[in-house]
Amino acid sequence: MSDQKELSFADFRARIGDQRPREFWRSLEELSRSEVFDEFMAQEFPQQSLPLQKGVDRRSFMKLMGASVTMAGLAACSQPADAIVPYVNQPENLIPGKPIYFASAMTLGGYAQGVLVESHMYRPTKIEGNPDHPSTLGASDAFMQASILDLYDPDRSQVVRKYGDTSTWSEFISALQPVLNGARTNGGSLRLLTQTITSPSLGAQIQRLLQTYPGMRWHQWDAVTRDNIREGGRLAFGGYVSTHYDFTKADVVVSLGSDFLDDGPGHLRYARDFMSRRKVRAGETQTVNRLYAIESGVSSTGSVADHRLPVKPSQVEGYARAIATGLGLAADGAATDNANWIGALVRDLQSKRGRSVVIAGDEQPAAVHAIAHAINAALGNLGSTVLITDPVEVGTTNQLASLAELVRDINAGAVKGLIILGGNPVFDAPADFNFKQVFQKVPFRAHLSMRYDETSNLCQWHIPETHFLETWGDARAHDGTVSIMQPLIAPLYNGRAAIEVLSAMIGGLDQTPYQAVRSYWFANGATEDSWRKWLHDGVVANSALPQRAAAASMAIPPVQRATVSGIEIELRHDPTIYDGRFANNGWLQELPKPQSKITWDNVMLMGPKTADAIGFGKEEREKLFNEKQTRFADVNYRGVSMRLPVWVIPGHSEGSATIFFGYGRTQGGRIASPEGQPIGFNTYPMRFSNALHGGAGAQIRVAEAGIYPVACTQEHQSIDPKDVGERGIVRAGTFEQYKKDPTFAQDEHHGSDPGMEHTEDSMYPPFAYKQHAWAMVIDTSLCTGCNGCVIACQSENNIAIVGKEEVVRERELHWLRIDRYYRGDVSNPEVFHEPVPCMQCELAPCEPVCPVEATSHSEDGLNDMTYNRCVGTRYCSNNCPYKVRRFNFFHYADYDTPALKPMRNPDVTIRTRGVMEKCTYCVQRVNHAKIEAEKQDRRVRDGEVVTACQQACPTEAIVFGDMNDPNSKVAQLKKQPTNFALLGELNTRPRTTYLATIRNPNPELVVAAPAAAEAEHH
Amino acid sequence: MAQIFHRSANTLSRVTIFGAIFFVGFVLWAIGGIVRSPYFTNQGIHREQPVPFSHQHHVAGLGIDCRYCHTSVEKSSFAGLPPTSTCMNCHSQIWTNAEMLEPVRASFASGKPIVWSRVHRLPDFVHFNHSIHVNKGIGCVSCHGRIDTMNLVYQASPLTMEWCLDCHRAPEKHIRPREEVFNLAYVAKDQATLGPELVKKYNVQKLTSCSTCHY
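Going line by line, the protein sequences match chains A and B. Heads up: the first sequence begins at 351 in our numbering, then just goes up one per residue. Heads up: the second sequence begins at 2 in our numbering, then just goes up one per residue.
There may be inaccurate statements among the hints.
Chain B side only, calculated, beta carbon under 10 Å to chain A, not exhaustive [as the list claims (entries may be wrong)]:
(1) Pro83
(2) Lys207
(3) Thr209
(4) Ser212
What the hints contain is simulated information worked out from the structure, not anything from laboratory work. In this text, all values refer to a predicted model and were calculated from it rather than measured experimentally. Yeah, the Cβ is synthetic: ideal placement off N, Cα and C, and Gly gets one too.
Could you put together the complete structure from these sequences and hints?
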């Protein structure tokens, strides 16, 4: 190590007198440049230098060897006979070997997101967004993509259980009868607990149920509650409404703690609409929108904001009041800090009347939502960018009050039977409700759920629930558009839908979900023709709720929040496992969290100064092995003590900490709680009914002992500027700058390494790409770092997960990573996202070094990876300047679990141990399109090949196509003045290039940007 | 000093050293031979089938077109295997009591498919598409041999990568007019002139990139 240090780039730079400051940085560790960090970066490939730590003892070694010898003997025989099984009656329109696509919808938080499901021989294998659905427009998020893994999850509940023992549906029905009989006379004794419902047919059934048992009560609870939005709407409009937004018309957007680009109903649509105003293209006169974000932690929305103001969660309200006051509304309690900032924002808003949006986050109290509505009304945005409709939800209610009522009645002994449809209230109800103890007082408890979870475990009856791909249903999108959900496969595990349970409760109705949904819609205007069309399209035409002529109340609610001392905490649902429901989903567990890049864990996030204050300052952190370890902190909040790992993140507001809930499942399955040991930390005990989203008064102190390993991927596979120099890996500018000099992102402005001349010379003869030349352009302006592409790639390409331990060793297999870069001061840096797939270099450094020609060039310029040739020397990955190659150090792919076999994409080989893999530009899709075009004797048309990442991207940041076709989108984008190649001076001629990030800061607020963020900042 | 080795040791050592070269060569040649042998490739091996279906009888004897059963060969990567109902189209009318066809009737009655023994099998890391070959004028016979002369089907070609590449490098040797693709008995009068013509006409490319088949 010490020898290498003498040759480090820093020394080289010093010798040649290069003192250009570092502009972009990736992590605090990189910024501080501690000894440990330098050592870490010097080991360029720690994943290889680490021993194969999955130890094998002598005994198992002998066993394995014995088995290998036997297998070798078997393998030498000729191939075993293989069976091939045709249908008895082949379904009409099925072409074996060709996928069919069906439209359906997935619900999350009750709201529908339209999907197109790829089905191979009637086995769903991949989920895409439905281009006709208003909430997705063809894009998809990580939850949609990963829900396919949930379908096949072998840990799903498979039988009806009574006290944990196997039982049957009919036994459940008979056990239910006495409870129902009791309810006929005393309706109040029977309760139904559901999550948020937008399904019209389910709503109608619940109404029918309530009529059958007069006095019966229906309660709702979703841990990721939207109560603040509901109540805020009620404050402003005098009754429950639904709000959605049209960001295509918005020139100025102000987010009050809202992550509208990456969370909540309609976020995919919002991201598409919002970013459609950020596509800066040469030759088009255009205006770029502007986003102000006032928030505590860094959200995906905040990360792409032109101006971001990190404030404590409770302070957001003060700023909202300040904006309202600035616009002439009577709001007391306005914040007085950052008056310039707010002043500029207000002037910006005033100049964009009717063309702006102020949007408040779910975590913000109802008052902030009411203020946002009042501001939007004052600006004339209602009906233009802010659209008010009747509630999309069925039986809109304050869910917290609803659950509180249930708890109160149970305590009073009034509840004799409780039927829970979905959800996991024992795990996620507010801590002070003491739901776990309280609900066991109910004499009859039944739970319908996909897993035998914490709640099921405490119910007498558990009924396995169907996945959304297994049953009929319907649901509304964020704008009210109805989608009929159709099953792709018969229930794998004897699941029942909520509709069936309700039918059983109503009695005398032995309806299948199909009959129930169909009869509802035929009673509501469907005909055979329209029904078929709805199923085909995935949406019911013109079913969006009409806009309501609503006038928002301009009365701003009075100040309620009192400021309390201590550190303020904000409780948020986890970005990848939601409220805990996706805890058994390995894809989502291993997906780096959008901003922190942490996998498999929930850590407590805080800013650097707060970390100093709790005793976890720079000195403490430097002792730890960078980005792989952290310390615990003892949190004392409202009488709850908890020890949580702490993580310092630039840009987080000071004096506050963000804590994510959803982890710490005790009965989640083999991934969520291996051997009954929960992964992560259950932070629900910190959620109190009067402070669901956190509050002030937390005492946090770093714990003396204990080092906690964290699988954070931020510094994995990173291109170290220390070694390659500041060569403009990220290039960013402002819209003003772009207008003055559109070529600001070109190489001459990003001085490449002084010793190196950019040259077009090559040792190899030039190659003519006669047919196609596949290429990709990624517009970094549009990337929010949402990770939809990463998981779409995982699903499309059968990418295995490796587990936390292996991620710590940097052996994750994601073919596509999203690098996060910062610029500026650690307290509030600008954030940049850069997705890095394989660059598919025309002069690929990986190719000449392969001793067995396992990686080679195709006639279309693809950098092919031939798995069956690979012998695992890893020379290619050592020689790749972009570090995009992934190696199977172990047998990561699960060959054995039968349930997972039908899930995989049959068009992509499953890789085994000892094989290198990497992004292929979805060559299976390329080949498919080529074959279809060739069959019709034509060229592949632009847009026919869509890579999985491109298809998923909500903002259309990724464009793929044929560079040889001058009219293709990709060829057009390559001509953009902002187009640049990563490490282009290495003359690798990458086919993947980037468009520089262009932000649009308010000229009033632009101060001379600090040229560099060096260690003295912190 | 007395000689340790007898003079014959010289000859012996020469024979051993040069012999070793031949021996290593022989071993390599033998391995090469073995991996190309039917023992490895399954070429020419008949498979026992639940119903002794004769292609010879149905194709040559009755003149049924390939596509009557292998319906998706022109559209999909997979040529398709006839469902039991296809057999029953005829066999509900003729040979209704034949003992040989009992498994077919049983399958049709019970709804349980017939489990055939697979004859042509490629490894999972190879992706072959029937439709593009058929559409570009590669006849069934080029790979599957004279199916119309086979009683029980066997694998006529070795299906090794070397064998695939023989054609991918020189498609003109095997290409035929599109209308003759399903004609198993077709023989070109003058392949040397017809081949290159068709390659041009059908815009056939010599695809030898790894990712043509491996992905």
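Right, here's what the structure says about each hint:
no., hint, result
1, Pro83, "holds, 6 Å"
2, Lys207, "holds, 9 Å"
3, Thr209, "holds, 8 Å"
4, Ser212, "holds, 4 Å"
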